[in-house]
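Engineer: Given next are the chains, with one letter for each unit.
Protein chains: 2
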Amino acid sequence: MMTEPRQQRAVKTREAIVYAAAHVFDECGYSGASISKIMDHAGVTQGGMYFHFKSKQELARVVMEKQQEFVAFPVGEASLQRLIDLTFFMAHALQTNVLVRASVRLAVEQGEFGKPDPTAYHEWVDQLCFFLYAARERGELLDEVDEREFAILLTGAFAGMQIYSNIATGREDLNERLVAWWKYTLPALAPAHVQAALVMRPYSREQAA
Amino acid sequence: MMTEPRQQRAVKTREAIVYAAAHVFDECGYSGASISKIMDHAGVTQGGMYFHFKSKQELARVVMEKQQEFVAFPVGEASLQRLIDLTFFMAHALQTNVLVRASVRLAVEQGEFGKPDPTAYHEWVDQLCFFLYAARERGELLDEVDEREFAILLTGAFAGMQIYSNIATGREDLNERLVAWWKYTLPALAPAHVQAALVMRPYSREQAA
Chain Y
0 MMTEPRQQRA VKTREAIVYA AAHVFDECGY SGASISKIMD HAGVTQGGMY
50 FHFKSKQELA RVVMEKQQEF VAFPVGEASL QRLIDLTFFM AHALQTNVLV
100 RASVRLAVEQ GEFGKPDPTA YHEWVDQLCF FLYAARERGE LLDEVDEREF
150 AILLTGAFAG MQIYSNIATG REDLNERLVA WWKYTLPALA PAHVQAALVM
200 RPYSREQAA
Chain C
0 MMTEPRQQRA VKTREAIVYA AAHVFDECGY SGASISKIMD HAGVTQGGMY
50 FHFKSKQELA RVVMEKQQEF VAFPVGEASL QRLIDLTFFM AHALQTNVLV
100 RASVRLAVEQ GEFGKPDPTA YHEWVDQLCF FLYAARERGE LLDEVDEREF
150 AILLTGAFAG MQIYSNIATG REDLNERLVA WWKYTLPALA PAHVQAALVM
200 RPYSREQAA
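Line by line, the protein sequences give chains Y and C. Quick note on numbering: numbering that gives the first Met the number 0 labels position 90 of the first sequence as 89, and the sequence is numbered without any gaps. Quick note on numbering: numbering that gives the first Met the number 0 labels position 108 of the second sequence as 107, and the sequence is numbered without any gaps.
So that you can see chain Y by itself, here it is in the shape it has in the complex:
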C-alpha cells in the first residue's frame, strides 16, 4: 500500500531531473553541462540523481529521444494544410519550450556524446510522411512528389533554418523563414488550386482552442 505514492514521487523526481537537464543542455550544450549543475537546478540529492540516471550521457540521450513527446501537436485530420501548421507549431515550440529546444540542440550537436544517432531525425521523417500520405490520398500532391524524399528534405532544412534563425535573431524570424520555405517549395508540391486554398498562419494559443 506504500508503494503507490513512493512510485509517484519517483516519477516526479525523474521528471524534475529531465526538465532541469533540458534547461542546462539548452543553455550550455552537452560539453558545458554537468551532473552537478543539473542536480542544483532540479534540487535533488546525488542519491536521487543516481537512482534515476547514471551519467550525463544517459540524460542527454533521454532528452534527445523524447523530442516527439515534447512536441504535443493538437490532434486533427491530416492534410497538406496540417503539415504546414505543424511546421509553424514546431517553430512556436522552439520559441517557448525549453524541452524542445534542448532536445533539438542535442540532436544537432550529438557528435559530442558518443556515436551519431539519427533516430530523432528519422522520427520526424515518419511524422511528416504521415501528413504527406494523407495529403496524397486527398489529391493534394502533384504526381512527381515522393513523400519520403520531401519529408527528408524538410527535416534537414528545418533543422538548419532554425539554427540560422537562432544565431541571427534568437529565433524571432523563424515564422518568416517558414513562410519563405513554403513559398519556394509549394509550386513543386501541390497543384495551383490546392495552393490557393492554403493558409500560412503562425501558431497561436487561440488557434489551438
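Keep in mind that the hints were calculated from the coordinates and are not lab data. Incorrect hints may appear among the rest.
What the hints assert, rightly or not - Taking lysine to aspartate or glutamate and the EDC-like style, the derived pairs with C-alpha atoms no more than 16 Å apart in a straight line are: (1) C/K55 <-> C/E76; (2) C/K65 <-> C/E14; (3) Y/K182 <-> C/E57; (4) C/K55 <-> C/E68; (5) Y/K65 <-> Y/E14; (6) Y/K65 <-> Y/D116; (7) C/K114 <-> C/E57; (8) C/K11 <-> C/E26; (9) C/K182 <-> Y/D145; (10) Y/K182 <-> C/E146; (11) Y/K114 <-> C/E26; (12) Y/K114 <-> Y/E26; (13) Y/K55 <-> Y/E26; (14) Y/K55 <-> Y/E68; (15) Y/K65 <-> Y/E122; (16) C/K65 <-> C/D116; (17) C/K182 <-> Y/D142; (18) C/K114 <-> C/D39; (19) C/K65 <-> C/E122; (20) C/K182 <-> Y/E146; (21) Y/K182 <-> C/E175; (22) C/K114 <-> Y/E143; (23) Y/K182 <-> C/E148; (24) C/K182 <-> Y/E148; (25) Y/K182 <-> C/D39; (26) Y/K114 <-> Y/E64; (27) Y/K36 <-> Y/E26; (28) C/K182 <-> Y/E143.
Given chain Y, put chain C in place with the hints provided.
Structural biologist: Structure of chain C alone, referenced to chain Y:
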C-alpha cells in the same frame, strides 16, 4: 635582410596551427578540443602557439571566419547553373576538406564559445545573392523570386541538410539530398524552359579542369 625568411616561417607556423586546429575541432567539437591537443597535432611549442594565438576561443573564431577562404570555388560566369554547381561543390568540400568541415561545425555549434555570430551565414547569403542577381539579369528567375529571401532559405536549409546527412550517412548521401532540394525549389525559381536546360552534376575534379 633576416626578416623575410623569419616572416615566412611565422606564416607557415600559423598555417600549420590553423590546420591542426581544424582537425581537432572537426573531430572533437569546440568543447572537446584543447590547446594542447592542437599543439600536439601541429607539432609546435607552447611559445610558438602563444605567439600566434592566445586562446582556443581565438582559434575557433579564426577557423570559423575563414569559411569563405577555405571554399575555393573555381571562377566562372555567374548564372543559375553556377549556383547549382556551387552547392554540389560545397558538398564535395565538406566531404573532403577538413578546414571546411571544421569551420561549418563551429558555425553551427558556436553557442559553445561566446556570443552567437551570424557572420559566416551572412557571407554565404551574399555569395548566393551574387549568383542569383546574375541569374536575374540573364532572365533565368521568375518574377516572384526575391533573391535575398531565397539566399537566406538556401543558407539555412543547406546547413541542416548537411548535418542530417552527416549524422545519418557520414555525408555520403549529401549529393542526393541536394538533387532533392533543387527538385522541390526550381519550379518556384525558374521558368520551365530554363529548368529544362539545367544539369544536376555532383562535383568532380575532372569537371574543374
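Engineer: If a hint holds in the structure, say so; if it doesn't, say that too.
Structural biologist: Here is how each hint holds up against the structure:
no.: 1; hint: C/K55 <-> C/E76; result: violated (39 Å)
no.: 2; hint: C/K65 <-> C/E14; result: holds (12 Å)
no.: 3; hint: Y/K182 <-> C/E57; result: violated (40 Å)
no.: 4; hint: C/K55 <-> C/E68; result: violated (20 Å)
no.: 5; hint: Y/K65 <-> Y/E14; result: holds (12 Å)
no.: 6; hint: Y/K65 <-> Y/D116; result: holds (13 Å)
no.: 7; hint: C/K114 <-> C/E57; result: holds (13 Å)
no.: 8; hint: C/K11 <-> C/E26; result: violated (23 Å)
no.: 9; hint: C/K182 <-> Y/D145; result: holds (10 Å)
no.: 10; hint: Y/K182 <-> C/E146; result: holds (13 Å)
no.: 11; hint: Y/K114 <-> C/E26; result: holds (12 Å)
no.: 12; hint: Y/K114 <-> Y/E26; result: violated (22 Å)
no.: 13; hint: Y/K55 <-> Y/E26; result: holds (15 Å)
no.: 14; hint: Y/K55 <-> Y/E68; result: violated (20 Å)
no.: 15; hint: Y/K65 <-> Y/E122; result: holds (11 Å)
no.: 16; hint: C/K65 <-> C/D116; result: holds (13 Å)
no.: 17; hint: C/K182 <-> Y/D142; result: holds (13 Å)
no.: 18; hint: C/K114 <-> C/D39; result: violated (28 Å)
no.: 19; hint: C/K65 <-> C/E122; result: holds (11 Å)
no.: 20; hint: C/K182 <-> Y/E146; result: holds (13 Å)
no.: 21; hint: Y/K182 <-> C/E175; result: violated (22 Å)
no.: 22; hint: C/K114 <-> Y/E143; result: violated (44 Å)
no.: 23; hint: Y/K182 <-> C/E148; result: holds (10 Å)
no.: 24; hint: C/K182 <-> Y/E148; result: holds (10 Å)
no.: 25; hint: Y/K182 <-> C/D39; result: violated (50 Å)
no.: 26; hint: Y/K114 <-> Y/E64; result: holds (14 Å)
no.: 27; hint: Y/K36 <-> Y/E26; result: holds (11 Å)
no.: 28; hint: C/K182 <-> Y/E143; result: holds (9 Å)
Hint compliance for this structure: hints 1, 3, 4, 8, 12, 14, 18, 21, 22, 25 are not met, and every other hint is.
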